[in-house]
Amino acid sequence: MHPEKQKHTFEPKIIAFVCTWCTYAGADLAGTSRMQYPPNVRVLKFPCTGRIDPVFILKAFQQGADGVLVSGCHPGDCHYIAGNFHARRRFAVFRKLLEFVGVDLNRLQFSWVSAAEGGKWVEVVTDLTEKVRAMGPMTEFRELALEEQWSGAINTPELEEAYNQI
Amino acid sequence: MSRIGVFICHCGENISRTVDVERVAREVGLLPGVAFSTDYKYMCSDPGQNLLKKAIQEQKLSHVVVAACSPRMHERTFRKAVEAAGLNPFLCEMANIREHCSWVHENKEEATVKAVEIVGMMVERVKKNRVLPTITVPVTKRSLVIGGGIAGIQAALDIADAGHEVILVEREPSIGGHMAQLSETFPTLDCSQCIMTPKMVDVANHPKIRLYTYSEIELVEGYIGNFQVTIRKKARSVDEDKCTGCGVCMEKCPIRKIPNKFDCNLGMRPAIYVPFPQAVPNTPVIDRENCTKFKTGKCGLCQKVCGPGAVDYEQEDRLIVEPVGAIVVATGFDLYNITEKPKGSMIKGYGEFGHGKIPDVIDGMTFERLASASGPTGGKILRPSDGKEPKQIVFIQCIGSRAREKGISYCSKVCCMYTAKHTMLYHHKVHDGQAYVFFMDARTPGKAYDEFWRRSIEEEEAVYIRGMVSRLYQKGDKIVVMGSDIAVGVQVEIEADMVVLATAVQPQAGADALAQKLGISYDKYNFYSEAHAKLRPVECATAGIYLAGACQGPKDIPDTVSQASAAAAKVMTLFAKDKLEREPIVARVREAGCVGCFACKKVCAYGAVEEKEIRDRQGNLIKVVAYVNPGVCGGCGTCQATCPSKCVELDGYTDEQIVAMIEAL
Amino acid sequence: MTKSIDTSIYAAVSEAIRAEAQRILSDGTVTAIVGYAAARRKGSAQPIVISSADDAAKLIFTPACVNNLAVYLTKAKKEIPKKGKVGIVVKGCDLKALSGLMGESQLKREDLYLIGVPCAGVLASTVQPATELTSDSIAPKCTECDAQLPGGCDFVPPQAPLTPGQTRKYAAEIARLEALTPAERWAYWKEQFSKCIKCYACRQVCPFCFCEQCLCDRNKPQMVDTTPRPAGNTAWHIVRAMHLAGRCAGCAECERVCPMDIPLNLLNRKMAKELKELYDYEAGFEVNDKGPLNSYTEKDDQSFIK
Amino acid sequence: MTTPLNYSYYPGCSLHASAGEYDLSTRELFKALKIGLTEVPDWFCCGATPAHNVDELLSLSLCAKNLELAEQVEGDLAVACAACFSRLKTAQHVLGESPVKRKQVEKALDAPLHLDGNVKHLLDILARDLGLERLAAAVNKPLTGLKVACYYGCLLTRPTDVTNLDCVEAPTIMERVIESAGATTVAWTHRLECCGANFTLSRPGVVIQLANAILDSAKAAGADCIMVGCPLCHGNLDIRQKEIEGVYNVEYNLPVFYLTQLVGLAVGLGPDKLGLDAMIVNPMPLLKEKNLS
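Chains as they are written, first to last, in the working numbering: chain A, 1 to 166; chain B, 1 to 665; chain C, 1 to 306; chain D, 1 to 293.
So that you can see chain A by itself, here it is in the shape it has in the complex (with noise of 0.2 Å):
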């Protein structure tokens, strides 16, 4: 193997869901700021966390997301009062689901960054990129794309003949 070069290779896809009160204003912040971090991510707004849909993260891997982040307001910030809290339950229900049917946790991260926080959205996005680059590419999702059917063995004689006079 040779992993330098596969560092090298592979440039994972993190897509981020943002709102746009706290975090794609941090993110907006570390551009005014001209911070530096890697290119990979594409940001996708919301008014608030609570308008994200746990199927938006699932379509989101089944698209080939290699990462997912999900970013809102400091609990108590929310530009709509409850929305991040109402967020933080569903996810941290949803992250369970995910880890239950073998995702692994660390392609999806959770944060809260403000619209002051343009250092700290640098960091979660940077850290995030470089995780999951190490993990390389998201598989499990495209591999069953690509498959038909059940792989289950025909193991029993009635399954044989039945399978037999298809």
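Careful: at least some of the hints might be erroneous.
The following residues of chain B were derived to be distant from chain A, with all beta-carbon distances above 12 Å [claimed, not checked]:
{"hint": "1", "residue": "Arg72"}
{"hint": "2", "residue": "Met73"}
{"hint": "3", "residue": "His100"}
{"hint": "4", "residue": "Arg125"}
{"hint": "5", "residue": "Val131"}
{"hint": "6", "residue": "Pro133"}
{"hint": "7", "residue": "Lys295"}
{"hint": "8", "residue": "Pro359"}
{"hint": "9", "residue": "Lys391"}
{"hint": "10", "residue": "Ala513"}
{"hint": "11", "residue": "Ile585"}
{"hint": "12", "residue": "Cys636"}
{"hint": "13", "residue": "Gly637"}
{"hint": "14", "residue": "Gly652"}
{"hint": "15", "residue": "Ile662"}
List time: in silico EDC-like cross-link candidates among lysine to aspartate or glutamate, alpha-carbon distance up to 16 Å [stated by the list, open to error]:
{"hint": "16", "chain 1": "B", "residue 1": "Lys406", "chain 2": "D", "residue 2": "Glu169"}
{"hint": "17", "chain 1": "A", "residue 1": "Lys96", "chain 2": "C", "residue 2": "Asp111"}
{"hint": "18", "chain 1": "C", "residue 1": "Lys195", "chain 2": "A", "residue 2": "Glu99"}
{"hint": "19", "chain 1": "B", "residue 1": "Lys602", "chain 2": "C", "residue 2": "Asp289"}
{"hint": "20", "chain 1": "A", "residue 1": "Lys96", "chain 2": "C", "residue 2": "Glu110"}
{"hint": "21", "chain 1": "C", "residue 1": "Lys190", "chain 2": "A", "residue 2": "Glu143"}
{"hint": "22", "chain 1": "B", "residue 1": "Lys524", "chain 2": "C", "residue 2": "Glu298"}
{"hint": "23", "chain 1": "C", "residue 1": "Lys299", "chain 2": "B", "residue 2": "Asp523"}
{"hint": "24", "chain 1": "B", "residue 1": "Lys348", "chain 2": "D", "residue 2": "Asp161"}
{"hint": "25", "chain 1": "C", "residue 1": "Lys273", "chain 2": "A", "residue 2": "Glu99"}
{"hint": "26", "chain 1": "B", "residue 1": "Lys406", "chain 2": "D", "residue 2": "Asp161"}
Because the hints were derived from the structure by calculation, they are not lab data. Cβ atoms here follow ideal geometry from the backbone N, Cα and C, with glycine treated the same way.
On the provided structure of chain A, position chains B, C and D as indicated by the hints.
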């Protein structure tokens, strides 16, 4: 098929230095649906905007993507330009290739590839954008003010002076609130009633203010600009129109020994009474619980002596419905009372101070009444137990406040200052007396506040002891105060004649019930929550409802008056237009699919989700579905993420738009 | 070791149900009753709706009474008379689902007459209906049951079920899976989900899948791949588990009806376990205004958030 | 129909030494009230005050082990000594709140912990489990005319979240119990003040000062005697009383009873069954005066 126009901005060199803008324009131009793609030096400049408008018309563009800076910067600019060119503004999106791309990357190839992808995502998104009409809501230019203390009075006068009608509702028989009870006010020691009563009279005489005293809010319906408020006007038993306020009824009433709440139960009043001589309105009310006529059916003296025939024993509560466009909540505070078992209160009680059973342990408001020239002692500081002048007086601060182990942790804010004032008033009235103050910290931010506090020590000879008191007990006619002086590190015991407790400022009883009627949020202490602690401190998250005074948190008079005027200014801003316009980023329910589980209603922080009945032509109920009131919706979209069947959608952030972006990756 | 389970009270319970059904149908308390009746195969049972007191004698309760009848009050309600109160025979697990449905405004308590069943357990879907109830033949959900005596019903027969302590089958399986690596778990579920034929029987039978149009059937936008292929199946089962989190009452009907024997309730139980640990939430008999995923506290765990 | 009451019983070290009369009177009283009391087999010291001042893990482990031993006997755990009560309750509380400490203790004891049993002070059993009505019904020699100062000391009610016995600052449980036995209680100020506790050995001067304030307050309120529920309080108020009288040149002559002794008297137990002869301030003249002996 959409005809999308894409405009790539150089932003001088800010973008073009690290992003090959021409290549972006070229590559994006090949995307399906893109009819026109170009780059320009400064899109936000007048020529840039004109380029945009011209292209919309000449190319017959259906949607627009401007790839430039952050939408937080110029989204409004470009949406206006698009609107000017005849397109719905919400058919324009911005792709952020400056803050999120050119400024944070150095490698031109990488940055260019990223920029193409960012613009590509926005192209896919904008295809799914829908025409969103601006939402307008009519505004009823009348305001309701709840609470007739200094906060409510100030707000009502300001709004009325601007020419708008005000409905002022007060629970007690008179307006005035707590400020009317105070003796002098810090830091100037001017008499509270001298500055308060003229304002009360102004309210009574103002042609634009309709005053409902002895009244409470029964029901609030509607939303910003269009509230319907039901007010319960409690039976006063005296006709306000007929009563001249001569006071004969009060003189003749045979029941005279009812503790007067206004005087903290130190003074007495008759069963037909006004709470205090300067009451507004100066119309008595019959306390039906204590009136002989109501208890036994006999007496009726007040009716006999009343010249104008205003006394009406048959009067009943009346419900009045008032349409208003805005509501100012100014319900104020109450002091935590250690004599009452704190039912439902978060404060665990002060058994170590005898649960208020020691008669000469009083609270700050009682001291105000003792010190007030119009109070029950005529301004003399006398002990409630035996009427003697206390020569040693101990003030204890932070009773309930900042006491996490007692249940609440906040600072009541006014106690440090009023205790300093009390030591001064005491020293002015009892020259040979000595005042001690037990305190944790002295908190005196405010104009001329710290100077005032220092004066109480340096000139008025109050002895400040840093430490708390563990126990009070009666020993003979003295009260033994056991405390600690943590500055010196010793236990101290003072045999005091009187003890004054600076008890915590709490919201009025029933603040939570009123909040539920109004649909506004409140914190765990029942203080009302502002929409934003820093930037929207006088607005509730519920549109059209504003906060003034101590109902939002402990406040002194200057802060209360400032906030009241600020709330009034917010109301006037709302009333400046006939119709209310708001961004159409609101949730909408697809009623056909809604099964009425109301998960959306449960998560809505704005109370914007209502239950709507769907009936057939015969009027039979088919189902109950959710309905989002666009006037109230805050636009967060939490409802949509919660809805299992996605039958509520946030305009501007629909699933289609978001999925389109994810699929564009 | 196989332990037999005492179901001797079922006869008396059945008798009591019949007597009560007879009473409430004849005095007009209810217009119909949803319950269980004997089916054609020996020892088997099937749901039945009766609207006449004469039919009360048909009602039974046996270890074969596996169905959660709550579903007949929502999705399948077209079969039930619309006027008046409806009686329903409920086991503890079914009652939890009913409570959940009331919390989600799908049913009103005052429209129902609840006949609770003291239940020592029902048979697993994998055994014949006439099988004796033992610690082997019992439905896995019954090994974790804490609701043998339904609470808050209008009528509950006085018999008390006796059940020996049992190995908690789901808990054991969850613990086994949790101990695996993510890759191993993925392999396990990939195998399970790839069996799925997208018949949606799990959705059809679930009392909480009451949406008029399922998110997974929508194509504008297509949030979830609808094909009966591994990718679509995985998405469906993840979305299903997520949508039931904090709502599922554990009746395990999804698992019972799955023709491909996918351990669906395992996902639901895992979610229930997490909600218990995170927010101390458990489905119960009481009707909650808000579920754990449409409420919050300021102090919720956020150790997973940077 | 009332269910029979049965408890496991943790006497604690004091009751096997200086407070033997507390142990004796507790057993006799419970026998008279038909409350079962089975001593925890092999119980040992709860660690008292020293252990938790030196080593929290040790203190928690000692209590946890005793709680485990108590599990072997059916019924809630009855505790007489206020200090043992406080330590056992505290251990239960701390180990219930902190999974980390729980793990440490489990490691130290090499066994899983059982903390679910109820730990109850005798007062709680008399006032709540038995109930004041049943207690009053069992009284056949009411303490009529006896004015009792109920002294709580520090540990019975504090901290309130842990002991849950009564209101921390204004408790009434002792008063309610002894009033059910026919006595009169006095309102006094030092019910909850510290007696100096185990400073009685290292700094007796402190104890003499604090105990004097307590005795003084009780006397001033017109009490005939003091009632306590803690061996250490008893020692400081009873054994030290003569010395205090000498130091301050006063005369108190206030007998200090354990609550079980006074309640025992009221249910008709004789002085020999209550260990009244072990009291330093002789109670017999007072009891004679009030026609109670």
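Evaluated hints:
no.	hint	verdict
1	Arg72	violated, 6 Å
2	Met73	violated, 8 Å
3	His100	violated, 6 Å
4	Arg125	violated, 9 Å
5	Val131	holds, 19 Å
6	Pro133	holds, 19 Å
7	Lys295	holds, 49 Å
8	Pro359	holds, 44 Å
9	Lys391	holds, 49 Å
10	Ala513	holds, 20 Å
11	Ile585	violated, 7 Å
12	Cys636	violated, 3 Å
13	Gly637	violated, 3 Å
14	Gly652	violated, 8 Å
15	Ile662	violated, 5 Å
16	B:Lys406 x D:Glu169	holds, 12 Å
17	A:Lys96 x C:Asp111	violated, 38 Å
18	C:Lys195 x A:Glu99	violated, 21 Å
19	B:Lys602 x C:Asp289	holds, 8 Å
20	A:Lys96 x C:Glu110	violated, 37 Å
21	C:Lys190 x A:Glu143	holds, 10 Å
22	B:Lys524 x C:Glu298	holds, 11 Å
23	C:Lys299 x B:Asp523	holds, 14 Å
24	B:Lys348 x D:Asp161	holds, 12 Å
25	C:Lys273 x A:Glu99	holds, 14 Å
26	B:Lys406 x D:Asp161	holds, 12 Å
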